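Protein chains in written order, with this note's numbering: chain W, 1 to 205; chain X, 1001 to 1117.
Just so you know, these hints were derived from the structure itself, not from any lab. Possibly wrong hints are sitting among the right ones.
[To be verified] Here are the simulated EDC-like cross-link-like pairs (lysine to aspartate or glutamate), alpha carbons at most 16 Å apart as the crow flies:
hint : chain 1 : residue 1 : chain 2 : residue 2
1    : W       : Lys95     : W       : Asp159
2    : X       : Lys1098   : W       : Asp15
3    : X       : Lys1044   : X       : Glu1075
4    : W       : Lys30     : X       : Glu1024
5    : X       : Lys1044   : W       : Glu163
6    : W       : Lys68     : W       : Glu96
[Said to hold, decoys possible] Calculated from the model, a selection of chain W residues having no Cβ within reach of chain X, i.e. all distances over 10 Å:
hint : residue
7    : Glu46
8    : Ala56
9    : Glu66
10   : Arg70
11   : Leu72
12   : Lys80
13   : Gly83
14   : Phe84
15   : Leu149
16   : Asp151
17   : Thr176
18   : Asp178
19   : Leu179
20   : Ser180
Computed from a predicted structure; not experimentally measured. Cβ atoms here follow ideal geometry from the backbone N, Cα and C, with glycine treated the same way.
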Amino acid sequence: MSHDHSHEEGSALSDTALRVKALESLLVEKGYVDPAALDQLIDIYENKVGPRNGAAVIARAWVDPEFKVRLLEDATNCIKEFGFEGRQGEHMEVKENTPQIHNMVVCTLCSCYPWPVLGLPPVWYKAAPYRSRAVSEPRAVLGEFGVKLGDDVEVRVWDSTAELRYLILPMRPENTEDLSEEELALLVSRDSMIGTGIALTEAPS
Amino acid sequence: MTAPELLPQQPHDEDGPVFNEPWEAQAFAMAVSLNRRGVFTWSKWTETIGALIAADDEPDETGERYYQYWLTALEQLVAENTPISVEQLAERKEAWDKAARATPHGKPIQLGRENES
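Between the sequences and the hints, there should be enough to build the whole structure, so can you do that?
Here's what the structure looks like:
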C-alpha cells in the first residue's frame, strides 16, 4: 500500500458514477448517443419542462368550456396545441375532479408520469409507499397530503402505464370569476394535477 | 402542509431538484436518447425497470433509489440491444476507476491517464 496520499487519493469516483461513465463513453464511441444531445435533454428536463405547462392547460379548461369538452375527449391533441409533446406524453387522458368524484394518479409499476405537462415526477411519486398505498388506501394517502374528502365522494385511482398517462383536471376554486387565465394558472399546483392536492385559493407568493 | 406519515424526508409541496446528482441526469438522458433512436421501446423500458423495482427485497421507501434502478435497467438494455457487452462495460468501468484515482484533484479525468505515472 502506497503512503503517497496525494497520489493515492486521486479523484476516486463512486461505483455508480463509474458505471455511468462506462456506459456513456462506450455509447458515444459506438455512435449511439451524442454528448451535446444528452446535455440538451438534461437542460430541458431540469429547466424548461414542468408543472407550469400543465397549469396552462388546466387554466384554459377552466375558462373555455368548449376547450374543456375537447380536452376530456382528446387530451393528447389538445395538449399538443400548446406545444407540449414528446416522450411520456404520447397518449394522454384527462380526468375531471367534481364534487362527487376525486381522481388521483399513480404508477404502481415504476413511475410513468406525463413529462410534457408535469416535468419529471417528485421523489415521493417514485417511492414504494406511494405506489402501493395510493391503491390500497387512497383516502389515507390523500389525508396525509391534506386532502379531506367527504364520505360521499368517490375516489378513483388511475394507474399510469407506458402507453397511457393521466392528468387530473382539478376543480376551479370558488370566487375566482374575476381572475384571468394567467392568474388562474398560478392556482394550479403540481399536486392538484396528480390528484394528491386541490387547486390553491390564492397564488403562492 | 407536508406529508409526514407518507414520507418524512420529503416536503411534497416544494419542488426539489429534478436530479440529486449529475450521474442521475446523465443516466436519464442516455435512456431517453436510446429510446429516441429506437434502440428499445418505452414499453420495454418500463417493463425492465418495473421488474427491477418489483424484484427488490427492500422496497425503496423514499424514492431516492429510483435512479439506481434506472441505471441497472439501462445497463441491461444496452447489453441486450447494442453490440456493447456486459464484459465491455465492466472493463470500461475498471479503466475509469484507474483513471480517476490517477487524476490529481481539480484535473479533468481522462482515460489513459493511469498510464502516465
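State the violated hints by number, sorted upward, taking the hints as numbered earlier in the document. Hint check: 4, 7 fail, others pass.
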